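Peer 1: Here UniProt numbering is used: the first residue of the sequence shown is 1, the next is one more, and so on.
Hints in this document: simulated from the structure, not taken from any laboratory. Possibly wrong hints are sitting among the right ones.
Stated by the list, open to error - Here are the simulated DSSO-like pairs of lysine-lysine, each with C-alpha atoms no more than 27 Å apart in a straight line:
id, residue 1, residue 2
1, Lys220, Lys113
2, Lys120, Lys161
3, Lys47, Lys113
4, Lys107, Lys69
5, Lys47, Lys69
6, Lys163, Lys47
Note that the structure is predicted; figures quoted are calculated from it, not measured.
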Amino acid sequence: MSWIRSMVKRKGTLVCAALVSRVIVSGVVLVVIGTADMAQAETIVRKSTVYFPIGGRTATDLDHELERKGPHTVSTGTRHPGATRIRFGGTMDYVRHRGSCAIGNIKVTVSIKVIVPRWKNRGSANPQLGLIWDTLSADINRHESRHAEIAVQHARDLDQKLKALPSATTCEELQEEVSVLTDQVTQEHDADQLRFDRIEAVNFNDRIMRLLKYRYTKTKAHHD
(Lines of atoms letter the chains of each structure in order from A; the text may use other names.)
(Lines give C-alpha, C1' and ligand atoms only; values in the text may rest on other atoms or scores of the structure.)
Protein backbone atom coordinates (compact mmCIF):
# COMPACT_ATOMS: atom_id res chain seq x y z
CA MET A 1 0.00 0.00 0.00
CA SER A 2 1.30 3.48 -0.91
CA TRP A 3 1.15 5.03 2.55
CA ILE A 4 3.36 8.07 2.06
CA ARG A 5 2.67 8.72 -1.61
CA SER A 6 -1.08 8.71 -1.01
CA MET A 7 -0.66 11.29 1.73
CA VAL A 8 1.43 13.50 -0.53
CA LYS A 9 -1.24 13.32 -3.25
CA ARG A 10 -4.06 13.69 -0.69
CA LYS A 11 -6.08 10.91 -2.23
CA GLY A 12 -6.60 7.17 -2.00
CA THR A 13 -7.98 4.99 0.77
CA LEU A 14 -5.55 4.41 3.60
CA VAL A 15 -5.92 1.85 6.34
CA CYS A 16 -3.57 2.16 9.30
CA ALA A 17 -4.74 -1.08 10.91
CA ALA A 18 -1.91 -2.79 12.74
CA LEU A 19 -3.59 -6.02 13.71
CA VAL A 20 -2.70 -7.57 17.05
CA SER A 21 -1.08 -10.97 17.18
CA ARG A 22 -2.24 -12.67 20.36
CA VAL A 23 -1.17 -15.85 22.12
CA ILE A 24 -3.24 -16.93 25.11
CA VAL A 25 -1.23 -19.01 27.54
CA SER A 26 -2.93 -21.21 30.14
CA GLY A 27 -1.85 -20.48 33.68
CA VAL A 28 0.15 -22.88 35.83
CA VAL A 29 -2.14 -24.55 38.37
CA LEU A 30 -1.01 -25.28 41.91
CA VAL A 31 -3.22 -27.18 44.38
CA VAL A 32 -2.59 -26.27 48.00
CA ILE A 33 -4.11 -27.83 51.11
CA GLY A 34 -4.79 -25.04 53.60
CA THR A 35 -7.06 -22.30 54.84
CA ALA A 36 -9.48 -20.82 52.29
CA ASP A 37 -8.60 -17.15 52.67
CA MET A 38 -9.67 -14.38 50.29
CA ALA A 39 -8.06 -14.63 46.85
CA GLN A 40 -5.19 -12.20 46.32
CA ALA A 41 -5.05 -10.85 42.75
CA GLU A 42 -2.14 -9.22 40.98
CA THR A 43 -1.76 -8.00 37.40
CA ILE A 44 1.77 -7.79 36.03
CA VAL A 45 2.35 -5.76 32.85
CA ARG A 46 5.55 -6.13 30.84
CA LYS A 47 5.79 -3.70 27.93
CA SER A 48 8.58 -3.04 25.47
CA THR A 49 8.96 -1.07 22.24
CA VAL A 50 10.98 -2.31 19.28
CA TYR A 51 11.90 -0.01 16.40
CA PHE A 52 12.56 -1.33 12.92
CA PRO A 53 14.76 1.05 10.89
CA ILE A 54 13.75 2.20 7.43
CA GLY A 55 15.77 4.17 4.91
CA GLY A 56 14.92 6.15 1.81
CA ARG A 57 14.68 9.81 0.88
CA THR A 58 11.45 10.02 -1.11
CA ALA A 59 7.82 9.10 -0.54
CA THR A 60 8.25 6.14 -2.88
CA ASP A 61 11.31 4.97 -0.94
CA LEU A 62 9.44 5.13 2.37
CA ASP A 63 6.48 3.20 0.99
CA HIS A 64 8.76 0.45 -0.28
CA GLU A 65 10.63 0.29 3.02
CA LEU A 66 7.42 -0.03 5.06
CA GLU A 67 6.06 -2.68 2.70
CA ARG A 68 9.33 -4.62 2.87
CA LYS A 69 10.28 -4.25 6.54
CA GLY A 70 7.00 -3.69 8.40
CA PRO A 71 5.90 -6.40 10.87
CA HIS A 72 4.09 -9.33 9.27
CA THR A 73 0.78 -10.44 10.79
CA VAL A 74 -0.42 -14.00 10.30
CA SER A 75 -4.09 -12.99 10.47
CA THR A 76 -3.85 -10.77 7.38
CA GLY A 77 -0.87 -12.34 5.64
CA THR A 78 0.55 -8.88 4.96
CA ARG A 79 2.98 -6.40 6.45
CA HIS A 80 1.88 -3.33 8.39
CA PRO A 81 3.60 -0.07 9.40
CA GLY A 82 3.23 -1.10 13.04
CA ALA A 83 2.03 -3.98 15.20
CA THR A 84 1.46 -4.97 18.81
CA ARG A 85 2.25 -8.49 20.01
CA ILE A 86 0.33 -9.50 23.12
CA ARG A 87 0.75 -12.56 25.30
CA PHE A 88 -1.44 -13.34 28.31
CA GLY A 89 -0.35 -15.75 31.00
CA GLY A 90 -0.23 -16.21 34.75
CA THR A 91 -0.45 -18.52 37.73
CA MET A 92 -2.96 -19.26 40.45
CA ASP A 93 -3.40 -21.48 43.50
CA TYR A 94 -6.36 -23.81 44.04
CA VAL A 95 -6.87 -24.21 47.80
CA ARG A 96 -8.69 -27.27 49.18
CA HIS A 97 -10.37 -26.66 52.52
CA ARG A 98 -13.16 -28.54 54.35
CA GLY A 99 -14.67 -30.28 51.37
CA SER A 100 -14.48 -27.38 48.93
CA CYS A 101 -11.99 -25.76 46.58
CA ALA A 102 -11.31 -22.03 46.31
CA ILE A 103 -8.88 -19.84 44.40
CA GLY A 104 -5.90 -18.61 46.40
CA ASN A 105 -3.28 -16.28 45.01
CA ILE A 106 -3.78 -15.09 41.43
CA LYS A 107 -1.15 -13.56 39.18
CA VAL A 108 -2.26 -12.52 35.68
CA THR A 109 0.50 -11.39 33.33
CA VAL A 110 0.34 -9.55 30.03
CA SER A 111 3.46 -9.15 27.90
CA ILE A 112 3.25 -6.46 25.24
CA LYS A 113 5.73 -5.76 22.45
CA VAL A 114 5.03 -2.67 20.35
CA ILE A 115 6.74 -2.66 16.94
CA VAL A 116 6.98 0.69 15.14
CA PRO A 117 9.18 2.25 12.41
CA ARG A 118 12.03 4.71 12.78
CA TRP A 119 13.17 6.66 9.71
CA LYS A 120 16.97 6.88 9.64
CA ASN A 121 17.02 9.85 7.26
CA ARG A 122 14.45 12.01 9.04
CA GLY A 123 17.06 14.63 9.94
CA SER A 124 17.88 15.40 6.32
CA ALA A 125 14.34 15.21 4.92
CA ASN A 126 12.73 18.07 3.01
CA PRO A 127 10.11 19.99 5.05
CA GLN A 128 7.05 18.57 3.28
CA LEU A 129 8.06 14.92 3.53
CA GLY A 130 9.33 15.44 7.07
CA LEU A 131 5.97 16.87 8.12
CA ILE A 132 4.09 13.97 6.55
CA TRP A 133 6.37 11.40 8.17
CA ASP A 134 6.12 12.99 11.61
CA THR A 135 2.33 12.96 11.34
CA LEU A 136 2.12 9.34 10.22
CA SER A 137 4.73 8.16 12.73
CA ALA A 138 2.91 9.83 15.63
CA ASP A 139 -0.37 8.25 14.55
CA ILE A 140 1.20 4.79 14.27
CA ASN A 141 2.62 5.13 17.80
CA ARG A 142 -0.72 6.35 19.18
CA HIS A 143 -2.55 3.49 17.47
CA GLU A 144 -0.26 0.80 18.85
CA SER A 145 -0.29 2.36 22.33
CA ARG A 146 -4.06 2.06 22.34
CA HIS A 147 -3.80 -1.65 21.45
CA ALA A 148 -1.56 -2.04 24.50
CA GLU A 149 -4.03 -0.17 26.72
CA ILE A 150 -6.88 -2.42 25.61
CA ALA A 151 -4.82 -5.51 26.49
CA VAL A 152 -3.99 -4.17 29.96
CA GLN A 153 -7.64 -3.32 30.61
CA HIS A 154 -8.70 -6.88 29.82
CA ALA A 155 -5.87 -8.41 31.84
CA ARG A 156 -7.05 -6.46 34.88
CA ASP A 157 -10.64 -7.42 34.14
CA LEU A 158 -9.65 -11.10 34.06
CA ASP A 159 -7.73 -10.65 37.30
CA GLN A 160 -10.76 -9.23 39.12
CA LYS A 161 -13.23 -11.74 37.69
CA LEU A 162 -11.02 -14.67 38.67
CA LYS A 163 -10.72 -13.24 42.16
CA ALA A 164 -14.52 -13.02 42.43
CA LEU A 165 -15.18 -16.67 41.49
CA PRO A 166 -16.90 -18.52 44.36
CA SER A 167 -15.56 -21.79 45.73
CA ALA A 168 -16.63 -25.09 44.17
CA THR A 169 -17.10 -28.62 45.48
CA THR A 170 -13.97 -29.84 43.72
CA CYS A 171 -10.90 -28.21 42.22
CA GLU A 172 -11.74 -29.87 38.91
CA GLU A 173 -15.07 -28.03 38.82
CA LEU A 174 -13.41 -24.74 39.73
CA GLN A 175 -10.72 -25.26 37.11
CA GLU A 176 -13.43 -25.68 34.47
CA GLU A 177 -15.07 -22.41 35.60
CA VAL A 178 -11.70 -20.68 35.35
CA SER A 179 -11.26 -22.02 31.82
CA VAL A 180 -14.71 -20.80 30.73
CA LEU A 181 -14.15 -17.36 32.26
CA THR A 182 -10.70 -17.03 30.70
CA ASP A 183 -12.08 -17.90 27.25
CA GLN A 184 -14.88 -15.36 27.69
CA VAL A 185 -12.56 -12.51 28.68
CA THR A 186 -10.04 -13.24 25.93
CA GLN A 187 -12.81 -13.35 23.32
CA GLU A 188 -14.03 -9.96 24.56
CA HIS A 189 -10.45 -8.71 24.31
CA ASP A 190 -10.14 -9.93 20.72
CA ALA A 191 -13.45 -8.31 19.78
CA ASP A 192 -12.43 -4.97 21.31
CA GLN A 193 -9.10 -5.00 19.45
CA LEU A 194 -10.79 -5.72 16.11
CA ARG A 195 -13.47 -3.10 16.78
CA PHE A 196 -10.78 -0.51 17.46
CA ASP A 197 -8.99 -1.40 14.21
CA ARG A 198 -12.20 -1.09 12.20
CA ILE A 199 -12.97 2.35 13.62
CA GLU A 200 -9.39 3.50 13.02
CA ALA A 201 -9.48 2.27 9.42
CA VAL A 202 -12.71 4.10 8.61
CA ASN A 203 -11.48 7.38 10.10
CA PHE A 204 -7.88 7.20 8.90
CA ASN A 205 -8.01 9.59 5.94
CA ASP A 206 -9.93 12.31 7.77
CA ARG A 207 -7.80 11.94 10.89
CA ILE A 208 -4.47 12.14 9.08
CA MET A 209 -5.49 15.11 6.97
CA ARG A 210 -6.72 16.92 10.08
CA LEU A 211 -3.45 16.18 11.88
CA LEU A 212 -1.43 17.29 8.85
CA LYS A 213 -3.32 20.56 8.71
CA TYR A 214 -2.79 21.12 12.44
CA ARG A 215 0.95 20.39 12.25
CA TYR A 216 1.37 22.54 9.15
CA THR A 217 -0.46 25.48 10.76
CA LYS A 218 1.59 25.11 13.94
CA THR A 219 4.87 24.94 12.00
CA LYS A 220 3.94 27.92 9.82
CA ALA A 221 3.00 30.02 12.86
CA HIS A 222 6.31 29.15 14.48
CA HIS A 223 8.26 30.43 11.47
CA ASP A 224 6.16 33.57 10.87
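Peer 1: Hints first: check each against the structure and report whether it holds.
Peer 2: Results of checking the hints against the structure:
{"no.": "1", "hint": "Lys220 - Lys113", "verdict": "violated, 36 Å"}
{"no.": "2", "hint": "Lys120 - Lys161", "verdict": "violated, 45 Å"}
{"no.": "3", "hint": "Lys47 - Lys113", "verdict": "holds, 6 Å"}
{"no.": "4", "hint": "Lys107 - Lys69", "verdict": "violated, 36 Å"}
{"no.": "5", "hint": "Lys47 - Lys69", "verdict": "holds, 22 Å"}
{"no.": "6", "hint": "Lys163 - Lys47", "verdict": "holds, 24 Å"}
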